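In the order they appear, the protein sequences are chains W and C.
Under the working numbering, the first residue of the first sequence carries the number 22, and numbering increases by one thereafter.
Under the working numbering, the first residue of the second sequence carries the number 6, and numbering increases by one thereafter.
Worth flagging that the hints you see were computed from the coordinates, not collected in a lab.
Predicted, not measured: the structure shown is a model, and the values here were computed from it.
The reader is advised that the hints may include incorrect statements.
As the list claims (entries may be wrong) - To give an idea of the chain W side of the interface with chain C (calculated C-beta under 7 Å), a few residues:
hint, residue
1, Arg34
2, Thr36
3, Val57
4, Pro68
5, Asn71
6, Met90
7, Lys92
8, Ala94
9, Pro95
10, Val161
11, Arg162
12, Met164
13, Asp170
14, Phe215
15, Met219
To be verified - Just a sample of chain W residues kept apart from chain C, beta carbon distances all over 10 Å, derived:
hint, residue
16, Asn24
17, Phe27
18, Ala33
19, Leu65
20, Ile80
21, Tyr98
22, Ala120
23, Ile122
24, Thr123
25, Val144
26, Thr175
27, Leu176
28, Ile178
29, Tyr185
30, Phe192
31, Ile234
Even glycine gets a Cβ: it sits at the ideal position worked out from N, Cα and C.
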Amino acid sequence: MTNPNFDLLMWARTTGFDIALAIMVGGILLRVVEIVVLGRKKDLARPKGNPVAQGLKTIFTRSLPRKGMVKEAPVTYVGGYLFHIGFAVAFLFLGAHIALITDLTGLGWPEANKALIETAAAVAVVALIALAWTRFSNPVRRMLTTFDDWLVWTLSILPLVTGYIAVNKLFGDGTLMMAIHMLSAEALMVAFPFTKLMHAVTFAMARYYNGSIQGRKGAES
Amino acid sequence: MTATLERGLNALREQIDAPVASFFTTCVSCGLCAEACIFYKETGEEKFTPIHKLDLMRRLWANEYTLLGKVKSLLGLGEKITDADLAEWETLVYDSCTMCGRCTLVCPVGNDITLMIRKMREGMSAAGHAPKELVGAAERHSDYGSPMGDLHKALKAQIAHAEKETGIPIELDREGADYMALLSAQEIAEYPGVLAAMSRIFRKAGITWTISTEGFEATNVGVQLGNRDVARTLVSRVVAAAEKLKVKGVISPECGHAYQALRWEGPNLIGKTYDFEVVHIIELLDRLRAEGKLKTKGKDDTRLTFHDPCQINRRGGINREPRNLLGLVAENFVETEDAGTMNWCCGGGGGVGANERAADLRFKAFNRKKRQFEAVGAEKVVTMCAYCHHTLEEQLEEHGMEELEVEGLTELLAEYLDDED
Chain W
22 MTNPNFDLLM WARTTGFDIA LAIMVGGILL RVVEIVVLGR KKDLARPKGN PVAQGLKTIF
82 TRSLPRKGMV KEAPVTYVGG YLFHIGFAVA FLFLGAHIAL ITDLTGLGWP EANKALIETA
142 AAVAVVALIA LAWTRFSNPV RRMLTTFDDW LVWTLSILPL VTGYIAVNKL FGDGTLMMAI
202 HMLSAEALMV AFPFTKLMHA VTFAMARYYN GSIQGRKGAE S
Chain C
6 MTATLERGLN ALREQIDAPV ASFFTTCVSC GLCAEACIFY KETGEEKFTP IHKLDLMRRL
66 WANEYTLLGK VKSLLGLGEK ITDADLAEWE TLVYDSCTMC GRCTLVCPVG NDITLMIRKM
126 REGMSAAGHA PKELVGAAER HSDYGSPMGD LHKALKAQIA HAEKETGIPI ELDREGADYM
186 ALLSAQEIAE YPGVLAAMSR IFRKAGITWT ISTEGFEATN VGVQLGNRDV ARTLVSRVVA
246 AAEKLKVKGV ISPECGHAYQ ALRWEGPNLI GKTYDFEVVH IIELLDRLRA EGKLKTKGKD
306 DTRLTFHDPC QINRRGGINR EPRNLLGLVA ENFVETEDAG TMNWCCGGGG GVGANERAAD
366 LRFKAFNRKK RQFEAVGAEK VVTMCAYCHH TLEEQLEEHG MEELEVEGLT ELLAEYLDDE
426 D
């Protein structure tokens with residue numbers, strides 16, 4: 022007798038994934054077009070610095086905190102870094118994920134060992150919990166937090182937790198757990214264009230604009 | 006919907022462009038902008054979080070410029086903006102933001118929050134939700150030539166005084182001069198010594214300069230209020246005067262927002278690139294120093310620190326120049342913590358200094374500067390903005406620190422000018 026969860030896993034791996042990927046890619050394109058079509062008036066002030074060069078530079082340099090800022094909000098900064106790095110390592114260096122990306126794009130790279138992947142996933146989960154705590158405890162973050170933030174938080178932590186459970190067969194049916202892991206990742210993909218997850222794409226645009234506006238004036242960014 | 010609300014929302018719609026849409030799309034509500042805001046840091050009140058001050062603009066963008074928002078609005082689920090909302094946000098947008106730009110530099114995703122505040126003020130003022138002092142100043146500026154009213158007589162009196170003091174004539178409306186100098190109303194009314202200082206420095210440097218009686222006042226309440234029409238009118242006066250006199254450059258005075266308005270916003274307000282150069286007085290003086298045309302003798306030996314005006318340094322890119330000049334004349338120069346690009350605002354910029362309703366908030370905000378000045382044991386504060394100068398003096402007096410002297414950099418340089426022939 023076949024495992025009844027097998028069909029669910031197969032759907033998640035094939036049709037479900039294709040639908041999620043189409044919504045994510047199409048949605049991202051739509052959101053980026055939605056921004057770009059609004060346009061930007063040509064700046065007629067004679068430039069003092071190089072707006073394009075500084076815009077491009079700021080895409081990268083803004084990844085580092087400005088001097089003295091980490092101590093003002095250590096959990097937000099450290100938690101933010103650990104989550105992003107942990108998530109990226111767990112996503113990009115697990116063998117099965119690389120195989121999936123290779124299938125889609127033809128690109129591939131060596132996988133990391135299991136201990137590193139699991140440590141990264143655990144660090145990302147702990148960081149997310151710490152970041153959630155600051156959304157309750159810090160009055161500024163509490164005021165700014167909306168349903169979108171909790172949705173994004175949930176959609177970010179689920180693939181990490183379900184992936185860990187499925188890979189290590191901690192409990193439940195292994196096939197079902199893997200199907201749930203894939204479905205959780207697909208939920209994240211579907212939500213991506215329509216929630217704050219979009220920042221993972223549009224941060225480059227925002228930083229570019231910021232850097233180019235400051236750069237035109239010869240000011241730091 | 007009332008007519009004024011509709012007018013305000015229309016003005017706000019005109020401000021939404023690709024950068025604004027990218028900023029709102031990218032915001033992750035991390036709240037780090039609050040950690041850079043002097044009003045949040047000195048009061049601890051979360052409502053002063055910079056990105057929160059833009060929430061109405063964000064709502065408008067979400068409702069009308071995103072697919073999901075449009076669907077929500079069709080279903081009646083969009084977050085509406087009411088006149089009461091605008092009234093509530095007025096104090097956040099005008100009283101608790103000097104448009105100092107610190108938030109813009111710390112935002113990890115790169116949002117230019119300050120630019121968006123500038124844009125949001127366009128909608129607020131169009132909807133009739135702006136401080137009465139700024140509205141009054143805009144009317145005086147449009148009708149009489151300066152936010153303080155007609156300053157022609159005062160200008161002529163100050164010029165006569167400077168000529169008597171220096172023995173150097175200052176020629177008004179001189180066609181073909183190298184530079185046309187502008188002054189801020191604050192300088193004419195409160196710090197006229199800058200005229201004599203410029204006169205001596207420029208004569209020694211061999212620069213010809215003039216002041217136009219048709220466009221001598223550089224401040225621009227239009228950019229503080231958020232009214233492009235007023236801002237355009239005021240910039241146009243200066244541009245017309247400079248073109249009429251056929252000068253090669255216009256000197257922006259020691260005034261933060263005047264530099265921002267004239268140098269960076271001005272061409273976009275009038276829709277053309279200037280035929281002349283706009284140079285900040287301190288930029289020009291540093292250029293003269295580099296060319297060996299600004300020689301000094303002796304140095305000020307008081308323990309002296311520098312206050313960076315936000316619109317000139319952080320938002321204007323003039324950081325190194327004042328320090329080069331201080332190197333010429335300050336024996337005992339000491340920087341406060343965060344000096345330079347991340348300097349803390351004096352609390353008076355962006356129209357907050359003129360806003361009586363914001364007086365208590367301004368007083369609290371100044372505690373940051375007070376602690377910084379005390380930490381370095383400063384005996385004198387030098388700055389390059391007459392309104393910062395005014396705010397520093399006002400706040401030092403309010404905080405019982407009157408003994409701490411404040412001086413403009415141009416005047417300090419003139420004190421040590423080696424102008425013997």
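Right, here's what the structure says about each hint:
1. This hint is violated: Arg34 (chain W) has a C-beta 28 Å from the nearest C-beta of chain C, more than the 7 Å allowed.
2. Against a cut-off of 7 Å between C-beta atoms, the interface hint on Thr36 (chain W) is violated, since the closest Cβ of chain C lies about 24 Å away.
3. The interface hint given for Val57 (chain W) holds, since its Cβ lies 6 Å from the closest Cβ of chain C, which is under the 7 Å cut-off.
4. About 10 Å separates the beta-carbon of Pro68 (chain W) from the nearest beta-carbon of chain C, more than 7 Å, and the hint is not met.
5. Interface restraint check: Asn71 (chain W) against chain C, minimum CB-CB distance 12 Å, threshold 7 Å, status violated.
6. With a least beta-carbon distance of about 6 Å to chain C, the hint placing Met90 (chain W) at the interface is held under the 7 Å criterion.
7. Below 7 Å, beta-carbon pairs count as interface contacts, and Lys92 (chain W) has none with chain C, the closest being about 9 Å; its hint is therefore violated.
8. Hint on Ala94 (chain W) holds. Least Cβ distance to chain C is approximately 5 Å, under the 7 Å limit.
9. The beta carbon of Pro95 (chain W) comes no nearer than 11 Å to any beta carbon in chain C, farther than 7 Å, and the hint placing it at the interface is violated.
10. For Val161 (chain W), the shortest C-beta to C-beta distance to chain C is roughly 4 Å, which falls under 7 Å, so the interface hint holds.
11. The closest approach between the C-beta of Arg162 (chain W) and any C-beta of chain C is roughly 5 Å, which is under the 7 Å cut-off, so the hint is satisfied.
12. Given the 7 Å rule on beta carbons, the hint for Met164 (chain W) holds: about 5 Å separates it from the nearest Cβ of chain C.
13. This hint holds: Asp170 (chain W) has a C-beta 6 Å from the nearest C-beta of chain C, less than the 7 Å allowed.
14. The interface hint given for Phe215 (chain W) holds, since its Cβ lies 5 Å from the closest Cβ of chain C, which is under the 7 Å cut-off.
15. Satisfaction of the interface hint for Met219 (chain W) is found here, the shortest Cβ-Cβ separation to chain C being roughly 5 Å, below the 7 Å cut-off.
16. Asn24 (chain W), annotated as away from the interface, keeps every beta carbon of chain C farther than 10 Å; the closest lies near 38 Å.
17. Every CB of chain C lies more than 10 Å from the CB of Phe27 (chain W), the least distance being 35 Å, so the non-interface label holds.
18. Here Ala33 (chain W) stays apart from chain C, with its beta-carbon at least about 25 Å from theirs, past the 10 Å limit.
19. Under the 10 Å C-beta cut-off, the non-interface status given to Leu65 (chain W) relative to chain C is violated; the minimum distance is some 4 Å.
20. For Ile80 (chain W), the shortest C-beta to C-beta distance to chain C comes to about 8 Å, within the 10 Å cut-off, and the non-interface label is violated.
21. The beta carbon of Tyr98 (chain W) is not kept farther than 10 Å from every beta carbon of chain C, the shortest such distance being approximately 8 Å.
22. No Cβ of chain C comes within 10 Å of the Cβ of Ala120 (chain W); the nearest lies about 31 Å off, and the non-interface call holds.
23. The beta carbon of Ile122 (chain W) sits about 25 Å from the closest Cβ of chain C, which is more than 10 Å, so the claim that it is off the interface holds.
24. Thr123 (chain W), annotated as away from the interface, keeps every beta carbon of chain C farther than 10 Å; the closest lies near 30 Å.
25. Every Cβ of chain C is farther than 10 Å from the Cβ of Val144 (chain W); the closest lies at roughly 19 Å, confirming the non-interface assignment.
26. For Thr175 (chain W), the requirement that its beta carbon stay farther than 10 Å from each beta carbon of chain C is met, with the minimum near 15 Å.
27. The non-interface label for Leu176 (chain W) is consistent with chain C: the shortest C-beta to C-beta separation is roughly 14 Å, beyond 10 Å.
28. Every CB of chain C is more than 10 Å from the CB of Ile178 (chain W) (nearest about 15 Å), matching its label as outside the interface.
29. A cut-off of 10 Å between C-beta atoms confirms that Tyr185 (chain W) is not in contact with chain C; the least separation is 24 Å.
30. Every beta carbon of chain C lies more than 10 Å from that of Phe192 (chain W), the smallest distance being close to 33 Å; the non-interface claim holds.
31. Not every Cβ of chain C is farther than 10 Å from the Cβ of Ile234 (chain W); the closest lies at roughly 6 Å, contradicting the non-interface assignment.
The structure does not agree with the numbered hints 1, 2, 4, 5, 7, 9, 19, 20, 21 and 31 stated previously, though it agrees with the rest.
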